[in-house]
Amino acid sequence: MKIFLRVLHFLLLVLFLILQLVFVEHLKLYHINFDLILVAVIGITLMDGVLYGMIYGFIGGLLLDLMVGNIVGLSALIYVICAFIVSRIIVIGFKRKILTYVFLVFLTTELSLIISVLFYYLFNYSINMKEFGLEILINPSCNIILVFIIFPLLQAGGLRKDEFGFLYKEKA
Amino acid sequence: MTPTKRNLRNLIVLIVIIVLCLIVITVSFKDSNLIKKVKISTLDFFKPIQEKTFAFFKPVTNLTNSIRDFFNAGEKLAVLREENAALRKDYSKNINLKIENNALRELLGIEIRKDFNTVQAKVIGFYKSKWQSEAILNIGRSSGVLEGMAVINEDGLVGTVIFSANNSCKVRLINDSQSSIGTRILSSRKLGIIEGSSEGKIYLNYISAEEIVQKGDIAITSEFGEYIPSEVLIGKVKRVTEIPGDPYKKIEIDPYVNFWTMEYVLVIKK
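Protein sequences appear in the order of chains A and B.
Residue 47 in our numbering is what sits at position 47 of the first sequence, and the numbering runs on without skipping anything.
Residue 208 in our numbering is what sits at position 36 of the second sequence, and the numbering runs on without skipping anything.
Because the hints were derived from the structure by calculation, they are not lab data.
Wrong hints could be hidden among the right ones.
BS3-like cross-link-like pairs, simulated, lysine-lysine; straight-line CA separation at most 30 Å [to be verified]: (1) LYS248/B to LYS130/A; (2) LYS261/B to LYS248/B; (3) LYS208/B to LYS130/A; (4) LYS177/B to LYS97/A; (5) LYS230/B to LYS294/B; (6) LYS28/A to LYS248/B; (7) LYS130/A to LYS373/B; (8) LYS130/A to LYS422/B; (9) LYS387/B to LYS28/A; (10) LYS422/B to LYS408/B; (11) LYS441/B to LYS208/B; (12) LYS270/B to LYS294/B; (13) LYS211/B to LYS28/A; (14) LYS373/B to LYS422/B; (15) LYS441/B to LYS209/B; (16) LYS95/A to LYS177/B; (17) LYS422/B to LYS28/A; (18) LYS130/A to LYS410/B; (19) LYS28/A to LYS294/B; (20) LYS177/B to LYS2/A; (21) LYS387/B to LYS130/A; (22) LYS28/A to LYS261/B; (23) LYS28/A to LYS230/B; (24) LYS373/B to LYS28/A; (25) LYS28/A to LYS177/B; (26) LYS28/A to LYS224/B.
Selected chain B positions facing chain A (Cβ under 8 Å, derived; list incomplete) [stated by the list, open to error]: (27) VAL196; (28) PHE218; (29) ASN377.
A few chain A positions that, by computed beta-carbon distances, are all more than 12 Å from chain B [stated by the list, open to error]: (30) LEU8; (31) LEU51; (32) ARG96; (33) PHE106; (34) ILE144; (35) ILE145; (36) ILE149; (37) GLN155.
Note that this is a predicted model, so its numbers are computed, not measured.
For every residue, glycine included, the Cβ atom is placed at its ideal position computed from N, Cα and C.
Bound conformation, chain A alone (with noise of 0.2 Å):
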């Protein structure tokens, strides 16, 4: 079963990254980012473990980098320490709730911006602050937006007591 559902949530992240794509980059109006592939990666190591979420993460972002990214491997390396930084978390004590999740992906969209910034600044690109500060204020929220998508969808399949907290608690 968990051979399964770590099949079926690798089939999931290349969809993701498809719908990033051809679907995800017409949404892109006044500075609304989604970020599909940070999202699944996140929900990912939730359910599976950090090691297939920083698995998945780096075969994920490298199929983006590979497919559209000016620096290849730099999504990798982003998808990656946000599935670690994300264990980290839940190992320090946070409780497996809807709210923690919020803040996994709010906090995980401001680093992996930031790490992103840092890298364009040292590959010698131009940054423009206010359009960071607009990114840093908006897409945390679209990315929230989607753990109401994608996290049901990568739980579909999954036992009922692996749940995110989403649905029934058990009767007692």
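Once you've looked at the hints, dock chain B against the given chain A.
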């Protein structure tokens, strides 16, 4: 496995992957052939899936594009009305000039401009971030598409091919911050370079502050590009700003092409 051992294993995997990523970043920045081959294989592998998914989501993307157009409709209509009136005024004059021009060319034995050798392509993907603005097309090397070739549609210049796989290619749109194309202002014949920016706007740079450039002036491609033919429409001047102490004007260009609604384009072969 005990938690300590598991943590150690995860830490080792993290370090290995980070090192691997840094190696890939370094190798890719050196324009390695290996990375190029992997990129070609990846684009070719995903092309059929991408094409089908793009077609499947077309109604939804059309809807989002319609919403975007709805918000800009009022402003666009006023501009188009003004433009239509000007065009109507010039129409008969231009026909007469064209006939006269062709007659003079024939008389002098100058060849009339040939049509471009083009190949039609379908857009199957987009990617937009602060540092890049790209489209993916469904044709590649097998159709004779090579890096550097110009991409146009019925409205004007779209961009240039920056990476060509066997059956798909990546196009750098003219609003990409790394895009840089030789340009002429149609009325004054002054040369400049149009460059994209991180906010997705297009600027015509290196036009001296002393030159007269007006709102509405048309920008076309210059004749000095290796692959990009001359006189392809780019856009018109939207805003001209003069910054005290700057030897150049800051000219914002409004492109004719709507990058997010285009479905079919033409790649100009040399």
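Which hints, by number, does the structure contradict?
3, 12, 22, 25, 29, 31
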